[in-house]
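Participant: Since the structure of chain A is provided, determine the placement of chain B on it from the hints.
One letter stands for each residue in the lines below.
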Amino acid sequence: MKTCSAIERDRNELAAVPPQELPGWVRDHLTTCRTCQRRLAAARLALGMIAARAGDMTPSEGFAERVTHALARRPSPEVPDGDLWKPAWGLVPAFTAAVITLFVLYQTSSVPGPTGFFSTESLSAGEHLVLGSDEPETDTVLAAVLEGNGR
Amino acid sequence: MNTPSVGQGDTHEGTDWELVRRSLQGDAAAFGVLVRRYERLVFHVAGGFLRDRGEVEDVAQEAFLKAYEALSRFRADAPFGPWIAQIATRLCYDRLRGRRRRQEVAWEDLSWSEQAAARGLAAGGAATEDAAASRDLAERALATLPPKDRQALILADALGHTAVEVGQMMGCTALAVRIRLHRARRAARRVAERLVDGMESAT
Chain A
7 MKTCSAIERD RNELAAVPPQ ELPGWVRDHL TTCRTCQRRL AAARLALGMI AARAGDMTPS
67 EGFAERVTHA LARRPSPEVP DGDLWKPAWG LVPAFTAAVI TLFVLYQTSS VPGPTGFFST
127 ESLSAGEHLV LGSDEPETDT VLAAVLEGNG R
Chain B
20 MNTPSVGQGD THEGTDWELV RRSLQGDAAA FGVLVRRYER LVFHVAGGFL RDRGEVEDVA
80 QEAFLKAYEA LSRFRADAPF GPWIAQIATR LCYDRLRGRR RRQEVAWEDL SWSEQAAARG
140 LAAGGAATED AAASRDLAER ALATLPPKDR QALILADALG HTAVEVGQMM GCTALAVRIR
200 LHRARRAARR VAERLVDGME SAT
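Residue numbers (our numbering), protein chains in the order written: chain A, 7 to 157; chain B, 20 to 222.
Chain A with its partners taken away, still in its complex shape (with noise of 0.2 Å):
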């Protein structure tokens, strides 16, 4: 019936609507259907359950000022790790002006530069590819030049 499908549709609006208040057409088929009066009902049940439920869940009186007392007894908030960082990122300039002071008093410097971190020797691929080799001794460069191998 035409009536009975419109009910459904609407059924929630309807629903929510006083009994008194619902429009003619609506109340006089009510009147002979009992599936739609049922609908209703039902509709009706399931939105005054959800308003129920939903109850009237105020705060009590002072619970603000419970939650604040409750508060006192607790430690500070963390401060934002944010603000814990702030003077170091101040100390970044002086930090790169110390590199560069120490990179150009390096390069200007008469002191030679460190050596390797490996032997030279260590780095040839082969026995015939020497790139270097330890200082001479003392006492071998002597005996070299006394006793004449050392042209």
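To be clear, the hints were calculated from the coordinates, so they are not data collected in a lab.
Predicted model, so just to flag it, every value in this text is computed and none were measured.
Possibly wrong hints are sitting among the right ones.
[Unchecked claim] Derived pair list, reagent style SDA-like, types lysine to any residue, alpha-carbon separation capped at 25 Å:
| # | chain 1 | residue 1 | chain 2 | residue 2 |
| --- | --- | --- | --- | --- |
| 1 | A | LYS8 | B | GLU212 |
| 2 | B | LYS85 | A | ALA70 |
| 3 | B | LYS167 | A | LYS8 |
| 4 | B | LYS85 | A | ARG79 |
[Said to hold, decoys possible] Which chain B residues face chain A? A few, computed with CB under 10 Å, are given here:
| # | residue |
| --- | --- |
| 5 | VAL52 |
| 6 | GLU158 |
| 7 | ALA203 |
In this text, a Cβ means the ideal position worked out from N, Cα and C, and glycines have one as well.
Facilitator: Same frame as chain A, now just chain B:
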């Protein structure tokens, strides 16, 4: 029933973010303003999950205390309402974990006052006529719904929040909320139809 705000508060006492900044600087009174601003919202959220008023109050207080401890993680551009609502929601989940969902309630299982409340509601009466009995009835009948579905239903249909707002409070998308709402409304209607059938066969 007035719907508590979930958005960025901005009154003469300062915006949410200003109050958070002052709280972080040790101004406990500033946090007190935030508590007063959002206490109703937190009670509504917790009340949707939990029935016992004492338990709701415990959760609400715990939510504010946890929020205070975690204030440094609050983002400046975020509204405080959904944030505190999510904290309360998580606390409710923790409490409900392990509790078994109740079996569907039949008409014969209801007390006399609950049956009277059901008759009144089905006839179009207000839930406030016998508020305690209506609430007991609703608690028993809707206890079969999954807690998240029930929460979405209460926040949207009883308290008038939009799907977007409910999503912010529950920590999910508006689409997920709409799906939950659809499922929850259908389940609530089915429970109500069964009770109406029982009511009719009893008379």
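Participant: Are the hints correct? Go through all of them and say.
Facilitator: Against the structure, the hints:
1. A:LYS8 <-> B:GLU212: holds, 22 Å
2. B:LYS85 <-> A:ALA70: Between LYS85 (chain B) and ALA70 (chain A) the Cα gap is close to 14 Å, so the pair holds against 25 Å.
3. B:LYS167 <-> A:LYS8: With Cα atoms ~37 Å apart, LYS167 (chain B) and LYS8 (chain A) exceed 25 Å; violated.
4. B:LYS85 <-> A:ARG79: holds, 13 Å
5. VAL52: OK, holds: VAL52 (chain B) within 10 Å of chain A, min 9 Å.
6. GLU158: Result: holds, 6 Å to nearest chain A Cβ.
7. ALA203: holds, 9 Å
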